[in-house]
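Asks: Once you have looked at the hints, place chain B on chain A.
Chains A and B, in that order, are what the protein sequence lines are. So the first sequence is numbered by my numbering: it starts at 550 and just counts up by one. So the second sequence is numbered by my numbering: it starts at 4 and just counts up by one.
Do not take every clue at face value.
[Unchecked claim] Some chain A residues near chain B, calculated using beta-carbon distances under 10 angstroms:
(1) Glu789
(2) Ala790
(3) Asp791
(4) Pro1002
(5) Ala1003
(6) Ala1004
(7) Asp1034
(8) Trp1036
FYI, nobody ran anything at the bench for these hints, they're computed from the structure. Glycine included, C-beta positions come from ideal geometry on N, C-alpha and C.
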Amino acid sequence: MKNRTWLALLLVLGLVLAACGDGGGTDTTEGETPGTTEPADDGATTTEGGGDGTTTAPGDGSGYTELDQALAGEFEGSSVSVWAQWLPESVEEANFTATLQPFIEQTGIQVDFQATPDYETALQVAVDGGNAPDMAQIAQPGKMHQYADAGSLVALDWFNSEKLGAEMTPAFFDLGHYNDTLYGIYYKADVKSIVWYPVQGFADNGYAVPTTWEELVALSDQIVADGNGNPWCISIESQEADGWVATDWMEDILLRTASPETYQAWIDHTIPFNDPEVLEAAEYMSQIWFTPDYAYGGSTYINATWIGETQDPMFADGGPQCWMQKQAAWIGGFWGENRDFIAANPDSKQEEWPIVPGEDVDFFYFPQIEEEFGTPVLGAADMFVMFADRPEVRALLEWMATPEGAAVWIERGGFLSPLTTVPNDSYPYPNDGLSEMVLGATTLGFDASDSMPAAVGNGTFWSGMIDWVAANGENTEEVFQSIEDSWPG
Amino acid sequence: MTSNQPGFRVLRALVIAGVTFAALWFGLRFLSDPVAFAGMPANLSKLVQALIAVVLGVAGIWALFYAGNAIIEALPAKATEILRPYLFVLPAVAVVGLYLIYPTVGTVATSLTDVPEGESFFYNYSQAFTNPDVLLALRNNFIWLLIAPLVSVVIGLVFAGMVDKIRLESLAKSFVFMPLAISFVGAAVIWKFVYAWKPAGQPQIGILNAFWVWAGGFLVDLGVISEVEPIAWLQVIPVNTLALIAIMIWLQVGFAMVVLSAAIKGVPAELTEAAQIDGATERQIFVRITVPSIWGALLTVYTTIAIAVLKVFDLIFVTTGGNLDTSVVAVRQYQEMFRFRNFGQATTMAVILLVAVIPIMVVNIRNLRRQGVGA
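Chain B on its own, in the form it takes in the complex:
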């Protein structure tokens, strides 16, 4: 029989599926306990285990698709046509469902059902919105949302506009971009040192206070002010929240700059040249032509940063732990979950955050679509 006959295709599918199944079965059994399964020496097994895991992971996925495809091809041609796209999209859907949709639904359900006996579904929500600590966290999230994305975008835009077409443009941009490569926790630790406070008269190990005291010392010498005190940037309300927002801005400006710089380069030269010929100044060109042309990119950057800002956790957790009026919803969520073991409140915080992020995400995605990205 030839390779076109249905009998051959069925046989082929069965063989491929069988081999794949056997390989995965033994591979996974080996991985779960290499010493017992293959009698491997315990000290060698870790390395071999890792190698096999890599091979099995990559080849296994490929083999699964291959076997699935073979099975589908064994079906009548029409069925094959219809089913094939679903086969290839199935793993992605399964993963998204298992790791994203299921937990989300579970979280919402827990926030409604994990209530003391006899209380209504909305007990956790009414508790949350009457708890002064939660209200404070919500207020802080709002302050963050108001300041951080806007300032990041403005600084990023101004920088992108200023360095456009100058010499050493990429060098300048690299410096601004660098913080983006630093994790939130790393940035928080770095800035904790920047903001460090020592009593007046002692060497200031925090660069900000070192500068503050040094500069203040000049003014004292000049007789402008009578004395200068180091400032506990992370302790003084409300300076501490602003100091934390500054870290976020430092982290996000690079992202804003890179995207906006690329967008600026995409503005047709004819437009700016025409404006130049008409006698527009550089500033007029920037405000009247460049900015309107990159409006979509601006909106994308703004909403992306806004989403990151709403979810902010690490920066605050590492520096102030949410004390002294700096808490935000995500920090409350962690505290309720891991410190107080209050699942109802913790999931309620998660849902509040989710609901707050959704409208921004909608704007973000719509805007991306409009620009033809991911449409």
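Looking at chain A on its own, in the form it has when it is part of the complex:
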């Protein structure tokens, strides 16, 4: 009898412990996952004339019908549900929530914003189940095409697209269209062609910012020769989206070694995935990734390290152990102590962070490779689409297509608007610089993997890059051939 009581007690204890361990563990993962797809933060816009934007003065109408009605209080008390992939309790969620406040106050429309982890699956399930939000953010044009083909999206033929076309960077305006119909309004842009480096470390060692590929390689060699650790911080582990960082590298390099037409043909599969020009780009990439001593921790580190921690050795106690990291501007929130600081202070401004972007760590343009292809920029962007056609939903979407629709976030930093009407000088660091970079871009390339069929762009391209890294770049032809073979149809 006594024995049995013991067993029961222990089992209960075991269950409790198991439950605790389980819950705690799961929380940790959620906290660490930056999203199921590429976190798209910060970004680029082509701002014409650098700052003489025309903001709409209150009173003389916004140029958008439903927005004017909403501002006149006609839809007071109604509500709009909005989903976005920005993670719960992230900086992005806090910023977007704050950004929506003026709209809520001015119109009396309630906006129910929900930041959703495992976003793409969650949205797809909601749409399939007839529970779609009124409005949702989408990062991949291919996804928008899918939803449009399925008839889930509201066509924006009522939108004042003449005004929008005049105020938005043409590349983004065009990308919001599908089959000559406007479906998506681009809201937030992202520049990926930048490399971050520790400012003090560069100064102490007399390292200059490289402006050509040769200088980049020479600098890498010098860091190795100086015994200063490894020049590159690279890693690609990203939970459900392992490998996307590598696809960004491929795309950024291909834009520099091939024409925009070739890049587009690669996406459209009018040339094979393993076209000689693509393999040439892969050669350039393996020069950085697989040259011995270039990448910190070698191939194992690249595959085994979570993207938010890629650059941790840059902030090691005894000085940088890796020196350069190619990543979009959102990575600043993950540098060293910034990670914990921001988790504790989601509303903090960049200059309050322990490691200040622009002072402690700065960026340079991922250099040109072949002169004939100029200085291209690889970008990504978030658009908003509508699943329900109600006047208050229209009003919110129209509002988001105006500079006021992002004013708070722009001021807080970490936001680049695709609108040319946002003055360049209203951006804090680094987006003023990024904005200029986009202005100087000879080509604006969009994330190719996002536009390829999902079986490749979110499938074999990712897993192929992982296999490539695992083999230390020695199976290039094999990997690119297998991706080519996996192209559907």
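Replies: Frame of chain A, contents of chain B only:
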């Protein structure tokens, strides 16, 4: 009139059915929109809603059976006798049909019909069996099936045999049993930390590499080996698949042990005593008497774990995402379904899994029957 008269029974049935119907009707309408229906304050309604949902759910089911029974009793006695069992089994059949049979048939149908125009019914299957990624997943499922159930059962059996009748038996068993209470996702997260890798020279946060480097350090000091490198358990092929299978074994050993331990206790003492008197050693008794006596339980445990292993998804999805040659059919199914939106391939994966599980289930159920469980 008395309660035995047919007229009374019909009236009673009508009243009960009417009241039940009305209660459910208003209850469900209230639940669908309490604010509009009953003018409830919005902040209060959630709690009340939850309470009413619980009451309505439990009482509603009871009332439905009661009303159904009343209606049947209103019929002639003979009809009542015949119909009553069907009435009580109807909800279960309906639920199984709606949630199990209908989706299964639908899945098979989709896998045959969701094909490009002009292709045959078996397009998805021929695609699947020529896709190197699918073949790899099938191969991995096979490896899992080969290793995980067998090792789990052997460890569970040995443990059950060793702790049988010792002091603190239940304490020892509780520890082995504990992982069973952890979800697959939870276990995957825990083991992701166990297998964590940091570059050589840095503190190893994964316990396995911490131990590996520490133990290796001793050997280096002794001059046995020249250096020790941490191992990326989840990246190195084929170590990663084995590392994942180890998680499954860790989860399932407890189950095997509990069932087998109970079975061992069921072996008649006369048998083992007789063997002892005949001079058999403990090991001989275990191998020659105990194991054959619990053969049915062994088979049940083995097949149950085998079914769980065939369906494995979470462990891989959370740790490696199916990359680096670790994918299995269920992971392919998820990717085809939710990432690639390829319903034809996704349902084909589901059907392949279903077909693979069926023979094991047949063995499992037959064996349970033989033991008199559920016969």
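Asks: All hints are to be evaluated individually against the structure, with a verdict given for each.
Replies: Results of checking the hints against the structure:
1. Hint on glutamate 789 of chain A holds. Least Cβ distance to chain B is approximately 6 angstroms, under the 10 angstroms limit.
2. The criterion of a C-beta within 10 angstroms of any C-beta in chain B is met by alanine 790 of chain A, whose closest approach is roughly 8 angstroms, and the hint holds.
3. Using the Cβ-Cβ criterion of 10 angstroms, the hint placing aspartate 791 of chain A at the interface with chain B is satisfied: the shortest such distance is roughly 5 angstroms.
4. Taken as an interface hint, proline 1002 of chain A checks out: its beta carbon lies about 8 angstroms from the nearest beta carbon of chain B, inside 10 angstroms.
5. The interface hint given for alanine 1003 of chain A is met, as the beta carbon of that residue sits about 5 angstroms from the closest beta carbon of chain B, less than 10 angstroms.
6. A distance limit of 10 angstroms between C-beta atoms decides the matter here; for alanine 1004 of chain A the minimum to chain B is near 4 angstroms, and the interface restraint holds.
7. Interface restraint check: aspartate 1034 of chain A against chain B, minimum CB-CB distance 8 angstroms, threshold 10 angstroms, status holds.
8. A hinted interface residue such as tryptophan 1036 of chain A counts as satisfied when its beta carbon comes closer than 10 angstroms to some beta carbon of chain B; here the least separation is about 12 angstroms, so the hint is violated.
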